[in-house]
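Student: One letter stands for each residue in the lines below.
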Amino acid sequence: MLKILLSGFFVLLVGASAWFGLPWWFTALGGGLASMLFRLSPLAGFLSGFAGGYLLWWGAAMLEHVPNAGLLATRVGDMLKGLKPWHLLALTGFLGGLLGGLGGLVGGHARTLFQKK
Amino acid sequence: MRYFRLLVSAALLASLLWALHQPIPVGEKKFLPPAGHFFNPFSGFWRNADPMVPIAGFGTAVKLPGLKGKVEVVLDDLMVPHIFAQNLEDAVMVQGYLTAKDRLWQMDIATRKVSGRLSEVLGERTLRIDSMNRRYGLGWAAERDLESWKSDPTGMAILDAYAAGVNAHINALKPADYPIEFKILNYAPEPWSPLKTAYMVENMAETLCKREFDLSATQTRDLLGQEAYDALFPDWNPLQQPIVPDFGQWRGTAIAPLKQTPDAVPGALGLRQQPRARMPHDEYIDGSNNWALSGMRTQTGKPMLANDPHLNLTLPSIWYQVQIHTPDMNAYGVTVPGVPGIVIGFNEDMAWGVTNVSHDVADWYRIQWTDASKKAYVLDGGVKQVTYRVETIGVKNQLPRVDSVRYTEWGPVVHEHDKVHPLRDYAYRWLVHDPSEPAYIKVFLGLCAGKNWDDYRASVKAYDTPAQNFVMATRKGSIGIQVQGRYPLRARHQGKYLQDGSSSSHAWQGFIPQEQVPYLKDPERGFVYSANQHSTPPSYPYYYHGEFEDFRGRRIFDRLHHMQGASLDSMAAMQLDNFSQRAADALPAMLRLLNTESLDPVGKQYADALRAWNCRYEASFKAPVFFELWYDYLYDATWDELETNTAFPLQTPDAWRFIEMLDKDTLNAFFDHPGTPEKETARHVVHESFEAMCAYLLQHPQEALSDWGHYRPVDIKHVGFIDGFGRTLTQVGGHPSAPNAQRDVNGPSWRMIVSLQDSVFARGVYPGGQSGNPGSPHYDNMVDTWAAGKYYDLLFLKSASTAGVYIQGRMTFEP
Chain C
69 MLKILLSGFF VLLVGASAWF GLPWWFTALG GGLASMLFRL SPLAGFLSGF
119 AGGYLLWWGA AMLEHVPNAG LLATRVGDML KGLKPWHLLA LTGFLGGLLG
169 GLGGLVGGHA RTLFQKK
Chain U
25 MRYFRLLVSA ALLASLLWAL HQPIPVGEKK FLPPAGHFFN PFSGFWRNAD
75 PMVPIAGFGT AVKLPGLKGK VEVVLDDLMV PHIFAQNLED AVMVQGYLTA
125 KDRLWQMDIA TRKVSGRLSE VLGERTLRID SMNRRYGLGW AAERDLESWK
175 SDPTGMAILD AYAAGVNAHI NALKPADYPI EFKILNYAPE PWSPLKTAYM
225 VENMAETLCK REFDLSATQT RDLLGQEAYD ALFPDWNPLQ QPIVPDFGQW
275 RGTAIAPLKQ TPDAVPGALG LRQQPRARMP HDEYIDGSNN WALSGMRTQT
325 GKPMLANDPH LNLTLPSIWY QVQIHTPDMN AYGVTVPGVP GIVIGFNEDM
375 AWGVTNVSHD VADWYRIQWT DASKKAYVLD GGVKQVTYRV ETIGVKNQLP
425 RVDSVRYTEW GPVVHEHDKV HPLRDYAYRW LVHDPSEPAY IKVFLGLCAG
475 KNWDDYRASV KAYDTPAQNF VMATRKGSIG IQVQGRYPLR ARHQGKYLQD
525 GSSSSHAWQG FIPQEQVPYL KDPERGFVYS ANQHSTPPSY PYYYHGEFED
575 FRGRRIFDRL HHMQGASLDS MAAMQLDNFS QRAADALPAM LRLLNTESLD
625 PVGKQYADAL RAWNCRYEAS FKAPVFFELW YDYLYDATWD ELETNTAFPL
675 QTPDAWRFIE MLDKDTLNAF FDHPGTPEKE TARHVVHESF EAMCAYLLQH
725 PQEALSDWGH YRPVDIKHVG FIDGFGRTLT QVGGHPSAPN AQRDVNGPSW
775 RMIVSLQDSV FARGVYPGGQ SGNPGSPHYD NMVDTWAAGK YYDLLFLKSA
825 STAGVYIQGR MTFEP
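Just so you know, the sequences run in chain order C and U.
Take 69 as the starting number for the first sequence in our numbering and just add one per residue.
Take 25 as the starting number for the second sequence in our numbering and just add one per residue.
Only chain U is shown next, with the shape it has when bound in the complex (with noise of 0.2 angstroms):
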């Protein structure tokens, strides 16, 4: 009996120890991590909590092998590093070993996710994605880009550096001191390597310069006819003004004649496979702001520059900011985890900053296999072999998956399931497969320490993808900005429509030459601007087309072109604007075209409501709700000819086309429904859509109450999408169309605004906080000041021993 109770009692805590060691699913393929292991206050989750008043006099010396110096580290209340270092190898190490400290799990999923090895610690739930990635060649060209930077041996020791720098503190971990997401994910940190600083530049390449429309442009074109699709898709809005307009700069510049190639086959509907079954036509993509004024319209008579970057909110966010002091360079700004240097930034002589280009730097070339096994195609007339690239996708828990992608002259072949055409698949040739410049890495360290244009010209060349608009500004007084990167050269519409893959005389036709890349230095006008508007007008030599802003350029330029005197206040005013050129194009047509007599009491209150609007989506205001509505309702209403064709992906016009329709055109054929008897007309449809949004606020009575802040709350995720470790904020106004370009996930992730005054004057905020750490106070400490619209000073620091309230604690980094 003795043994009997012993047996149960050992087997009692046999089975707790196993439970505790056990994964708990949660949901379908979702597991929370052994209860023992997260839940144990000496290595588990309490192990992330940081205490709110930091310990003083935290982190004394750290032994970094690898340095040539001594390197003093200051950090200031929001935590931001001030770096001094003796030279520029021992700056980037001690960057990486901090922002490793800070943001190490981010780091850690998002060349995951570039790598497609993302599954090998979340599961079968992620498989598609690290399946896609590895399909669209992401690693590839990563691999490449590295190979490419190998043949720069001082880019190559700074990406030495910054790695050491990341291992030196991966490799002081113990388990207790993981990030808490490790935890949850019951997994250990990796190695940091060049090559993964590589899949952060292809991260950025992939969310900046990946979208094309070739398989709808083409699709609608076929549909409509290339009249009727050149006439709804026009290449030029004449209501914008273009980045770099035309001084008569581009006279007499003599490029080779290219010649017309063919697009593919009408009705080659091969990519209907692609993972989303339709293309949405989502007008507000991401994008930024910058712009820098000359002295003669700032109240100092020196240079301003401003920045906001629009990219996905998260926490922790996609900026780390740093200052990194040497010899030869006193600089300050944001970086991206996981890459050396600083992307927007000013010195003490030069502010800098980008925004997105959003030229289209992919196509599809369609194949013709020799047969189903796919092993060779047709090229020239003759057969081609392809090479296969093996892909190997871990999954835990399960046997890894194999996927042999198929690679052509032109690039991979994405995706492989036509049921149309069997012998036929596309594959694909994007910019980002090039090699990069071996210079590249360098970029952002060179303008660190650029004093001038000409230094600001000599680092940017070596920048090639995703293309940016490099805005800067000098103390000196100088101001430009150049729409930096690689392009193809094209003939005039090549690769906007799928393209014919069986001749090599169908690709692109060189690049345009670095010294062709438009720039604006000094302009009279006093300001240099860029909202992702098109680069230059139709009369730039060189062919281009990709998916443009029309709206918040138009409206930053009417500020700058009225801007006198301006201040660090009118700066941050301009960032904040929430006034929608779009919606002011649009609400005067919408309502002339109205007939308010016909509504009912609650209908007339709407319309009222509108016509008293400013067209400024502030979130206290009402107005914005029923504006987004109704012009939802109405745009839906007018192109369901586009939208309701569900058999494949139609493209449908931008919205400036559109309220160009609305305004000069209301008898267009599009406006009327082609299922019902009646011709309508745009009167029809703007008078039925507003029915439809008074209808619909009816029905979502919560909706009709309520302001634009709690209608579209911003959501700012956590990057793994963790419940609990992201903010929801309902406070926050500004639309995509406006300045503050504000979406539900999207938009301003850094508010910089630099004054090049005498001694360099900074601002800037972004919503999230310098630890990745929830269980830190600087996980999200400064989202409240960004949602408020506020700034922090900026603390520059000139000396290491420097002392202030503000300085929280001191570092010290030797040999």
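Okay, chain C solo, but in the shape it has when bound (with noise of 0.2 angstroms):
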């Protein structure tokens, strides 16, 4: 279970590099290299890397949505034909979590390639 966490918190560490200048989908790779590193079960590396993904992306939103008191996502939300606030949150934790959570599929599927070698 730790090393879920941790994983977890490694794909964040990896996909905040992202505000850095680097592309948004590195959070994928960071799911992708927590399974390797943290040696986890295609499972194991699907939850990770989601529960990471999940959490960098929606945090990051949060980061700028609440300074904002919700106005900007009020007014896309809008813009998408009547879309809460949540909504958009809840979508951009989802998207996060699914590129992480995929990265770390396939990064679990890879290493029980490598691991039976």
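Among the clues, some could well be false.
[Claimed, not checked] Computed footprint of chain C on chain U; a stretch qualifies when at least three of its residues, placed anywhere within it, have a C-beta under 8 angstroms from a C-beta of chain C:
hint, segment
1, 25 to 34
2, 39 to 49
3, 258 to 265
4, 571 to 583
[As the list claims (entries may be wrong)] In the DSSO-like style, the derived pairs of lysine-lysine whose C-alpha atoms are separated by at most 30 angstroms in a straight line are:
hint, chain 1, residue 1, chain 2, residue 2
5, U, K741, U, K500
6, U, K137, C, K149
7, U, K545, C, K149
8, U, K92, U, K137
9, C, K152, U, K688
10, C, K149, U, K92
11, U, K500, C, K152
12, U, K628, U, K545
13, C, K152, U, K198
Don't read these hints as lab results, they were simulated from the structure.
Cβ atoms here follow ideal geometry from the backbone N, Cα and C, with glycine treated the same way.
Reconstruct the complex from the two isolated chains, following the hints.
Tutor: What follows is the structure, encoded as structure tokens:
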């Protein structure tokens, strides 16, 4: 369990490099690397990647959203035919989670491949 | 199996990554940006969420290469920048930088619109707009203006400094910092240039001086005959007060006799393929009010000046407030993003403002092609080749479209699809195509530094299009107004109808000399004003025609005429005046002709409500709804002969002329419905249209119950029409025929009142905010203040070191 948590944290760190100009899909790369580094099964890799990715994307959005009192999210939600700010936050988190999770899944499968060799 | 699982999961991930990079189609030809780019919180839309409370001490030092000295900027609580520079170029460079910081996308999209480059980023759906703006020669006009400006080195230095400021901001941007619209439309900002400033000038010209009725006037005249046409469409409205009255100043003005030029042969309908199949005769033109009072009419004994330009209301707003301070000037006011200088504002000695002049400065000339290839046309008995301007319109995700536009001596051939007369087309002669004055770009900076009437006159004389009524007032006590612009010299009615383009002698016969442009300084009556009405009475020696306002000006004249002890509040009350002279003229006549006895109880209620109405379009009133419906039905029922003709566009008379008929000419043949055996009069039509209103309200109970504010909501749309980025207001009164000229999408875009007391004091408001970012608290923070009819005291600083609660931030710019 601790391993999964640490791995999720690792995904978050790698993904956060996007703040410094690296591509946003580094969250997926983080998921893959974490699965290998922490020797996770595909399922555990997916879960930790998803958790790390979700937390990162949702959290980073929250860092913008809260000081802005939801002003922009409300307007963007209106643009997207009546979505609410929490929809956008959840969607953002979900996209981050999916990236991290699928990265973790791929990493997990790749690792089992190497391990048997 | 393990390989298979790896492959499947890798394929899943790859699909996700692919999907997150694809634009998402929503509706026809519309796309949302790729979800990964847009939603990721590192560079996507979340990064455009500005904190509600500005971070203390934000915007430290900015390096701005090209500056000659240090520039200090104070930002007040409305985020208005107060620029303190050592010289004009530095000030303008920082103006460019800060305007770009707040309004970059607005600047980008406006220049794209004018230059026909919208489709590059918006795709096929804007192709028609791009094509038409190019065929009307807007880009050509901008290029010619810039060529002319290049002959004035100090003007070019200003344009270059402005562009350098904008570009310094753009160059420092990372994709995460792009305005949200760039992210939504998935493209990147481009460098600014002086040509783009010229595009912004053409943008205003397109809004303000492209209106003409040559085609519909010709067809209406041909249908009715000249005499009937002149009776319905007189040149002059005798109820109106012109901007500059005749006080003998034109007596003895000798002008060379002008030759009468022939119209195009009647029945030549070569413009039928106009983008609008029918030219709407819209009596409510984009307009504005301005006035200045001398000290004899104010509380302080010093002049006051007010201006409220009525334009499309958008978010971000068309205006951006700024203060510019240099050793030679200290001025405050509103600027047009993309253009250096202050268009409407004041300094420590003088205030100025503008309204549109509304003269017709565009004519259509018939071209006779020599053959179907349309390479040559008949001119002066010979044959003249066209020149081509090849327009290549980029279209997102598609091959570019190439359009070779034919240019004649007259100008571009805009429309080319006449099926009736395949060898005829019309060329567009538009004043805006003529190169502008070399010093044009310095006009609004000259005003910033002006101190008196002479300075003002010297500054505005380089201003040509779109012609504006420049009002002014000084602290020393002068007031004045000048109908400033370049105007074609035309014989009586020349260019009112389609013209014959086969002889160059049919051209404009020069321009009205600058010294003969009408102006009025320090009149005895103690005020000057304009509301887009006629510039001069018929005794002015030069002929012109145009689309002039007939009601607002009369109301403003009445109020100013009785004004004593004017204060900031009484000026505000005038700007917010919802009284309609049009309703005041029409309603008594309409009620007089209405047979109330034959109405049902509901109808009687409506009639009672109208009888009790004070002709004010207050948001909470119901009577304006009834009046508008009744009047519109009545107008349509009267002009059915002209309005139901869909074969070609016809003109219908101005409201004032129509009301005059209701009042004094109730048996006029136009009140008769041609299809019925009876001979209808105004009385019939008034009654019939009242019944039509009652029937409509019975079918639309919601509208029967709603007040004016809900019936005619004010829609402040986003510049790019993005849902959710605009505002809809249902508590705003006003009407285009009232001084508070509020239409659904168009209205007072800036309200300013300046008291030229010892220390100049001003109030102002516009329905928007300084920031163009929908994620900023300063995006629309002034909208509610504006809607409530309130103003801000404008913070007019004397020095950058001023401290105060209003000051929210400071920036310094260094080379």
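Student: Hint compliance check: list the failing hint numbers for this structure, sorted ascending.
Tutor: 3, 4, 5, 7, 8, 9, 10, 11, 12
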